[in-house]
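> All chains, please: the whole structure from these sequences, using the hints.
Residue numbering for the sequence shown follows this note's numbering, beginning at 378 and increasing consecutively.
Possibly wrong hints are sitting among the right ones.
Stated by the list, open to error - Derived CB-CB ranges, DEER-like:
1) His-788 x Leu-754: 25 to 33 Å
2) Val-1168 x Gly-1102: 19 to 27 Å
3) Asp-934 x Arg-517: 43 to 51 Å
What the hints assert, rightly or not - Once the Cα atoms are required to be at most 27 Å apart in a straight line, the calculated DSS-like pairs of lysine-lysine come out as:
4) Lys-1013 x Lys-1002
5) Lys-1034 x Lys-1002
6) Lys-1077 x Lys-1034
7) Lys-1077 x Lys-485
8) Lys-1034 x Lys-1013
If you're looking for bench data, these hints aren't it; they were derived computationally from the structure. The beta-carbon is built from N, C-alpha and C at its ideal position, and this holds for glycine as well.
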Amino acid sequence: MLRASLKSLLGRKVRLIMSTFAIVLGVAFVAGTLVFTDTLNRSFTALFASTVGDVVVSPQGDGDDSGQSSTKTIPGSLVRTLAGVKGAARADGNILDPAVFVIDKNNKVLGVAGAPAFASNWTGAPAGHGLSGLTLIQGRAPQGPDEIIMEASTAQRAGYFLNEEVRLVTSEDEPLLTPTLVGITDFVDGGSFNGATWVAFDTPTAQNLFMGGRDRFNDAWVTAADGVSQERLRDRVAKVLPERVRARTGDEAADEGSNALLEGIGFLTTFLLIFAGISLVVGAFLIVNTFSILVAQRSRELALLRALGASKRQVTGSVLLEALVLGLLGATLGLGLGVLMAMAIQALFGTLGLDLSGQELVFRSRTVVAAYAIGVLVTMAAAWMPARRTTMIAPVQALRDDVAMPESSLHQRFVFGLVLTGTGGAALALGLFGGVYQAGWYIGGGVLGILLGVAAASPVLSQPFLTGARSFLAMVFGAVGNLAGQNSLRNPRRTTATASALMIGMALAGTMSIVGDSAKASVNETIEKNFRGDFIVSGMGGQPFSSSIADKLRRIDGVTDVVQQRYVTAQIGGDAQGITAANPEALTGWLGMVLVEGSLRGFGPGDLVVDQAYASSEALDVGDKIRVTLNGSSRKLKVKGIFEPNAVLGFPLVTTKQTLLQAGYPDRDNSVVLQVARRTFEVHMAIEEVVADLPTVTVKDQAAFAEEQREPIDQLILMIFALLGLALLIAVLGIVNTLALSVIERTREVGLLRAIGLSRGQLWRMITLESVVIATLGAVLGVVLGVGFGVALMFALRDQGLNIISIPWDQLGVFLVVAMVVGVLAAVIPARRAARLNVLKAISTD
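Quick look at the structure:
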């Protein structure tokens, strides 16, 4: 049986190759995701290891490696004391500001798409364990206020060379700097800043710029002498530290920093693996359909094996052996393609500021294990039902030319599909509206249950559509159209299984279309309702800028009011949460806050107002206190009021500027709302002139501000569509594969049709129409489900400020048109193969 199975398998090489497409692409997505995330993890781990000393001394609650600016510092005298600790080779004070942007030669800003923009003082100190860290590879160290050095990739991207003038934008009182580049640094032991930018001044200049001229530092590195461990040096350093200053080994500091960052971007892995799972589910439909056709084609062969003494188990095993070989082949090819997929994902996130182009891809053993486990298991599981079906057909019955699925089984599938759809609907409702723990699992499981349930019930549900399609095609295309319609109706299980793969992709695409359109409509309404200012001046990518800009704007003739806003990221219950700060009198004024409970009377340091959605999700009432970690220090803030969601405020929690200043955040703004006496061209130009030399700061009116708020939604939806494109590609390949195998299965029928006068063009048209019917059925089912999912999801989010449900019917209509085009293109290869069949050979085929 083993020999017979392998010979049968090798006798169908073309079908074998076509059947591997789905599993190859699904495995490639999983492998690519794992390679990318492993590369990401190693790159940040290596980066943090190269940017800490043997012992790191810093103020307690200095931001806890959050990357945010802090005014908490240590005195220079402490650094000099640390240098004298027994076992210390040297001690260096460090100054770091994460908001100093490099402007390239094309007047474009580097580092605002998500990656930070660091500026520091240059000490030349080695990293922990004697690692070189950043090392001067060209030029010399900076000397004086007009010189800087720059990291190599930053200089390359910006187009700067030694002895050229560099433009920098800071968040300090002097926002524009033009020093000369005198040195280039790099990680000589390997590594990069992963898209971040870095420049450095000499220490006195950095202290003048970022410490107000004081002899202070953000932290200090203590380098261990030969033979002294980090732990022993840390313990000795700790004995000389004043209160509220801590000492950590470099390994501890690196682990804290990298773990916090990797936890923050861990959603990327989940996000990508979700789409890999979608691709595998879609691929499973293709594999089930492929093996169903292959089993039907081999029915006579299998029956003969049974007649020769093969048991049911052996026959089933022969089919599963074919699936095993297919899974191994698909996993092997998918693993190779996964490397290219990882490079594509790397390039995609590089456009968003996460540049890993300088990192070598990490290929761990778990990637190989996962690829083969997924490839083999998914293929074997998908082939199990077709393999099991062979045991239900008696040998004599299987010797007939056509083996159709019993109608009773269609009824059972229909009932099973309805039950599965109902169960999925219940899980989806619990996830969206039930307030259950880890609702995402309920939502994901519910969506999957509905999709699989509809797919199972679709042979019955699609009968009216397929019947109507046959009548329509017969009316428009005559006998050829009638034949195409009958072919679709001949085996509704096969037709709908092929269409279901496309249905899944279309359903998710339709859902995201509704979510995106509704989110943008809600943003437009909220801004129109709450934006009471005339202009908003804001930092690109939410980056902070000097508060001196607000002072300059106040002095413009015609500007009647200036409202400063700033944003920080705090920790609440272990989760990151954005907080907005503004003057209390401006909140219900130009910022449009509408209180539904409480009052802003006496609103001051230590107070907080929250929006309705956050208050509802956290069960908060006026008077409650929330423990918030601000800049590394934990404190309780009192809820003074609850307000309607407001896009102008940015975040669901709002406090005062004094609260942030007391927590050690620098006096910097993220946006400034302006009110003018009259909207004249002269006033607008005067506002623009204030920020003309600062590419990181923009001026927008209400329409431009609304467009800026919609832009991240559009980017997210486009990224999701790009990832869904892989699932849709697998679905298209499924149509191609099904039609191609169907042509092979109907070889004698095709020959007879050609013999009685059907031309090659008519045959081509018949197969194309059949493909269009399949694609349109999948698109219709998908769009209907997508509308249901999208409306349900937006209804559940109505308390999150997304209170408008907008269905983009034009976009959904485009999906249907695209599906028809896909049907035409998918039929090209199968129709060409059918048209080239030799008529006499086709008629004589068994």
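> Each of the hints needs a verdict: does it hold here or not?
Against the structure, the hints:
Separation of His-788 from Leu-754 is about 30 Å and conforms to the stated range, judged on CB atoms against 25 to 33 Å. About 24 Å separates the C-beta atoms of Val-1168 and Gly-1102, a value consistent with the hinted range of 19 to 27 Å. Between Asp-934 and Arg-517 the Cβ separation comes to about 48 Å, which falls inside the hinted range of 43 to 51 Å. Of the supplied pair hints, the one linking Lys-1013 and Lys-1002 holds, its CA atoms being roughly 6 Å apart against a limit of 27 Å.
Between Lys-1034 and Lys-1002, the direct Cα distance comes to roughly 19 Å. Compliance with the 27 Å bound is thereby established for this hinted pair. This hinted pair checks out: Lys-1077 and Lys-1034 have alpha carbons roughly 23 Å apart, not beyond 27 Å. Restraint check: the Cα-Cα separation between Lys-1077 and Lys-485 comes to about 18 Å, which is no more than 27 Å; the hinted pair holds. For the proposed pair Lys-1034 and Lys-1013, the alpha carbon gap of about 16 Å is at most 27 Å, so the pair holds.
The structure meets every hint from the earlier list without exception.
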